[in-house]
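Protein chains in written order, with the numbering used here: chain A, 1 to 441; chain B, 1001 to 1240.
In short, the hints are calculated from the structure, not lab data.
For glycine and all other residues, C-beta sits at the position ideal for the given N, C-alpha and C.
To give an idea of the chain A side of the interface with chain B (calculated C-beta under 7 Å), a few residues:
id, residue
1, Leu16
2, Glu329
3, Ile332
4, Leu336
5, Gly337
6, Ile435
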Amino acid sequence: MLWLRTWRLGVKSLFLHPLRSLLTVLGIFIGVASVIWLLAIGEGISREARRQIEDLGADTIIIRSVKPPSEVTAGSSGPTPYGLKRAEYDMLVETVDTIKSAIQIREMRRQFRYGGRLVDGRLVGCTPEYADVTKLKIAQGRFIDDADLIHRSTYCVLAARVAERLFPYEDPIGRSIYLAEHTDFYEIVGVLEHRNPTAAIGGSLDSQDFSNDVYIPLTTMQRRIGDTVITRGSGSFEGEILELNQITLRVDNVNNVFRTASLVEDSLRHHDEMHDIAVIVPRELLEQAKTMQMMFMLFMGLIAAISLVVGGIGIMNIMLATVTERTREIGIRRALGAKRGDIVRQFLVETLVLSAVGGATGILGGVLCTPVVDFVREQMKIYAAETMSRLPEVVQSISPVIVPWSIPLAFGISVFVGVMFGIYPAFRAAQMDPIEALRHE
Amino acid sequence: MRLACRADELKKEYVLKSETVRALRGVSFDIPEGDYVAIMGPSGSGKSTLLNLLGCLDRPSAGRLFLGDDDVSRMDDDQLSHIRASRIGFVFQSYNLIQQLTVLENIEVPLYYQGKLSSQDRQRCRLLAEMVGLGERLDHRPTQLSGGQQQRVAIARSLINDPYFILADEPTGNLDSHTTAEILALFEELNNKGKTIIMVTHEDDVAGHAKRVVRLRDGLLQSDIVNKERILLNRAAMLA
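With the rest of the complex left out, here is chain A:
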């Protein structure tokens, strides 16, 4: 009952200066909301990063060819052969016994044509296992199969977006796309479902986007295109001689990943000189990502904590002003029998009300994070599509995930801050000499 009155009195006293109290609450509101927002955004980003890495497969080892730095190839006339060799693929598969399955890929950027429509994309020479390892799902028709590989048939499978753009109205199955660079036709036997991009690998910063791919049998590519590829750049030609772009190894047991990876690295030591391959272990990336996430969270938490401390200083500032302003009231209360503890309690309750209201509204504001960010992103896609498309992939697909423990944490911190920064003004109020306080004008 008396407690209730203390609280009611606190609220009443705060209403003596509604605007001032509101601004103080705003400081805490921003602090609490930013704790929740920053942690939610951090969690959203790292979840997306983890998902991308996990899509690479925790039990896989990826070896990619990397274009060697120009100083290594300097002096030689024309393109220098580099990267992974088919022989190395065979060697790895035969010698490393923890490998369960393996795939090899050769890829290049090409233009695909159908009728008057033209699409830039990635031409991938692969084996049937590729669909399984990279978790591609068939929407229509079939993927490349063993028979295609043996017969070096000119069949192809389209990724979803290529199919949409080349065949907005027609059914692509059974039709043929045209590769201008090689004056070659490929008949479409299947179309894939949409797939989310996976993490960036092999020195490139872009995450792997599978939506503009066209898949053909690897053997077909070797026969009809070969290892030497000329790419037409703007006003120049660029050539590369490369047998394989990527080898993906699947290990029989997740626990063997690191051991196998070091074995593979040892077997491919001879590439060290050229720096023309990169070994990527998604599981390692995953662990790095977890460390990164911790750092990120810590960093975000620090920023949020700073804003809460600023909010706390705001509280302290206001309470000190309030205490001075209400010296007379303190004197009256002391004369009417208030103990020092009563005065401390009265002012602490006021700071608690301020920080609790700030905390509660801050939580509301924090929980709105996901819908607000989603809304802004969708609006941006509609009204500022161009700006949006230039932003990094991570920002484009950002979707904050509220971390459940951030809510009690933020509220706890806000109340803690309220008490911490409220104690000093409250004690100053209580230490006043009642006689002096009564005389105060």
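Dock chain B against chain A, hints included.
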């Protein structure tokens, strides 16, 4: 007759700018229950110091002070607070109501600091407000009241804890003559009902309403005179 207050060789010294000021140099008096005492004296006489001691806002340097049976001269801060909350009724020159509280809530404050507030107490607050003529304004804020009305609230507040005495510090200092008369009449009425009143004032005609006038000079008791005229008038009023 029981004593509301007894001062025994009260001394108070304090240091002001490295100089020791002897504000009270040994003051003794008894105030029986039902008395109405005016304390007078020029500024610097120790009047305010005595008021602070009687109000338990301060402790004497030497000597003893009893309120009822409680020796308050050696009490600590919290004990003194408790005495103020339960045993003293303050009335100030500038009313000293709490701005954010209503009339009724202002009257309740001393009870709140005693740590009790029952529905009976609330009823008493209401009765006291009615007694001082503010039964219609229980929900008003101090700023909505005139000076005289505010002082009435303060008097009601001073009575809520059934104190040993009402300690009034220049209670009419801020009021016009008409309101002064009203407030003094209220004090007289309360005194006739048996309430003890100690009033600090520097106005002779205000002091004339008391039964007894104590004068201080230079920290000592200068005179302690019973106001026979006032007592006779009082008797006459009671007989009539």
